[in-house]
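Chemist: So the chains spell out like this:
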Amino acid sequence: MVKRTFAVLVENKPGVLSKVAGLFSRRGYNIESLVVSETEDSSASRMTIVVEGDMRILEQVGKQLNKLIDVIKVNDITEEETVERQLCLIRVTTEDQGSRQEIMQITEVFRCHVVDISRKSLIVEATGDEDKVQAVIRSLKPFGITELVRTGKVAMIRGMQ
Amino acid sequence: MLTGAEIAIKALEREGVELAFVYPGGANLEILDCLWRSAIRPVLVRHEQGAVHEASGYARASGKPGVCLVTSGPGATNLITGIAAAGMDSVPLILITGQVLASMVGTDAFQEVDVTGITHPITKHNYLLNDVNRIAQTVKEAFHIATSGRPGPVLIDFPRDVACANSPVTEAETVQLRGYKPNLKGHTGQVRQVIRLLGESKRPVIVAGGGVIGSRSWAGLRTLAESQDAAVVHTLMGLGAMPYDHPLVLGMAGVHGLACANACIQKSDLVIGLGTRFSDRLTCSVPGFAPHARIVHIDVDPAEIGKNIRVDVPLVGDLKIVLEQILEKLTPLKRPEWVSEIAAMKEMPIPGSKITGGLSPIVVIEALAKVLPSQAIVTTDVGQHQLWAAQRLPHRRPGKFLSSGGLGAMGYGIPAAIGAKLACPGDPVVVITGDGSFQMGMPELGTAKEQHLPIKILLLNNDTLGLVRQLQKYYSDQRYVAVNFSGNPDFGGLIRAYGGSYYPVTQEAELGPALEAFLNDPGLTLMETKVAPEENVLPMVLSGQTLDQMEG
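Each protein sequence line maps, in turn, to chains A and B.
For the record, in the first sequence the residue sitting at position 34 is 34 according to our numbering, with numbers rising by one throughout.
For the record, in the second sequence the residue sitting at position 316 is 316 according to our numbering, with numbers rising by one throughout.
To be clear, the hints were calculated from the coordinates, so they are not data collected in a lab.
There's no promise every hint is true.
To be verified - Pairs of lysine-lysine, BS3-like flavour, derived with a Cα cap of 27 Å:
{"hint": "1", "chain 1": "A", "residue 1": "67", "chain 2": "B", "residue 2": "370"}
{"hint": "2", "chain 1": "B", "residue 1": "329", "chain 2": "A", "residue 2": "67"}
{"hint": "3", "chain 1": "B", "residue 1": "449", "chain 2": "A", "residue 2": "63"}
{"hint": "4", "chain 1": "B", "residue 1": "320", "chain 2": "B", "residue 2": "140"}
{"hint": "5", "chain 1": "B", "residue 1": "307", "chain 2": "A", "residue 2": "3"}
Construct the complete structure from the given sequences, taking the supplied hints into account.
Modeler: Printed below as a string of structure tokens:
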């Protein structure tokens with residue numbers, strides 16, 4: 001099993017996301033993450049899709065995506081040099097002053113931000129690639145994570161154009 | 001200014017639509033109202049599933065897309081089986097479904113259903129038309145998508161208020177779809193690879209699929225086969241792409257293929273798939289398929305290549321164009337040894353009847369094969385009769401054998417014959433069916449009567465769902481569950497109720513004269529043969545076995 005990242009340019013129309021998602025479910029492909037938003041051209045949206053499977057399946061994923069009329073372009077960017085980011089919001093419990101201090105230090109090391117503080121918890125915003133976000137989560141886990149939301153990956157090829 | 005419905009009908013007229021298979025309802029009133037003033041002939045059906053199979057039969061016999069106009073909700077959901085069948089068999093269809101008011105969409109209104117959601121996996125593309133200014137363009141796009149590249153069904157869901165609204169945009173512009181540009185010309189490097197492999201091959205075989213017929217490239221197929229002394233086998237969808245009696249042609253291959261065709265694939269050192277999906281009905285065990293062969297796969301749909309089997313040389317493009325590209329550069333090659341091997345394989349016997357007592361359905365099909373007019377269009381339903389017909393009829397011409405291949409939808413035969421007869425009124429149209437399938441397509445007898453269509457229905461009645469019975473014999477140790485019909489109707493009375501004539505046959509000796517009378521009858525006709533249920537379709541490759549490990 002390998003992971004591939006596809007950058008998929010699609011028509012910015014209602015129903016397109018469900019067409020893409022439906023393709024994955026009915027052909028039994030595993031989506032690890034899918035992010036979609038409008039691009040610089042409002043008539044098109046960009047999806048970044050991370051898929052896991054064997055090479056034969058992954059080749060089919062690309063071809064089947066291309067077959068959808070509303071898909072404009074499919075790029076497998078796995079092998080490209082890319083900038084990748086995901087965003088994660090983590091609510092951590094802060095039982096005492098000491099743990100709060102320690103959490104602040106961790107966020108500084110990872111260059112994260114504390115974006116909300118209440119009496120018993122705070123929210124950390126972590127932005128980075130997969131490894132960094134994982135590391136932040138691992139470091140905060142001992143304090144007690146009560147809530148976690150996380151976007152999928154967005155990616156852009158370096159140095160093009 | 002025209003109304004949305006007027007714009008849509010005018011757009012259909014511009015595409016050359018002459019008739020449409022129609023069922024009315026509240027949500028397509030305005031669309032049908034426009035047919036009152038249009039040259040498009042509405043063919044009123046009895047059930048929407050009939051409409052879509054009729055459109056499929058019409059499309060396959062005429063080479064033009066078939067059109068259905070039905071209402072929302074159940075009108076649309078009744079299309080589903082036919083859309084899926086057309087998608088699997090790459091048949092171009094335009095399906096226009098009425099929809100509740102755009103302002104009501106999403107409220108679970110009366111006869112509302114999410115048609116684009118339901119049909120997305122089975123259409124080539126679909127539209128929810130919610131802008132009156134986009135109608136002309138959408139219809140033009142739909143025809144372009146349905147008929148180009150790998151053909152398929154395209155659905156337009158048309159809310160009633162959009163059909164009533166007015167717009168000054170009554171004509172379409174050139175179709176420009178940035179996400180849809182089928183690759184028609186083959187990659188020249190890959191073309192060279194195909195030529196190289198042909199040059200190195202001693203035992204080439206061409207697997208001719210439905211794409212040869214869909215792309216009308218049978219002449220190229222024949223030239224290729226003859227110039228290379230290559231054997232030709234067919235998939236069910238490709239039957240007739242080359243005449244059955246041509247010395248290089250070995251007939252249908254696959255699960256119920258002829259022993260000679262299957263043996264040829266297994267012996268070959270080069271398989272060239274033309275317009276075929278290499279489906280499981282053809283390949284049987286994938287690792288055991290053509291074990292000594294390199295594989296060339298030529299298809300217009302890139303997603304088919306490498307999907308089911310490993311391919312040595314993929315080549316994407318329209319078959320007609322690609323075959324021209326290949327033939328332009330190809331030097332003819334004589335392979336006398338292979339030709340004599342093909343001739344020897346062609347002599348391999350087809351299993352005869354295995355039953356004693358009663359009329360054998362195989363005997364019936366073979367009797368029909370002897371007298372079937374060469375210009376006849378044959379449609380089938382799905383089951384044993386379909387496979388016997390595929391194995392044993394004289395497939396002389398392309399596009400004359402219409403059967404639900406990929407989906408295997410019972411109930412296809414009668415409506416497909418109605419569509420084919422409307423497309424080709426001068427050609428005799430014969431339906432081969434069984435008692436199970438007949439009862440799924442039966443409502444459309446009313447359509448045949450109303451349209452005065454003299455279709456000929458040959459019914460092999462064994463009072464059982466024979467092919468499933470056969471599966472239960474092999475896989476369920478002869479425990480026959482839910483396959484035997486004890487409540488079959490009086491088929492003679494039934495056809496007479498629709499104004500047709502009836503030719504019953506119970507003895508082999510009656511077959512010849514009955515077939516002659518049946519084929520010469522000027523009206524809607526049913527010939528019912530009471531056949532023995534014990535006959536099985538042989539040869540048969542059991543699940544998990546390879547093509548040459550055949551029963552029977």
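Chemist: Hint by hint, which ones does the structure fall short of?
Modeler: 1, 2, 3
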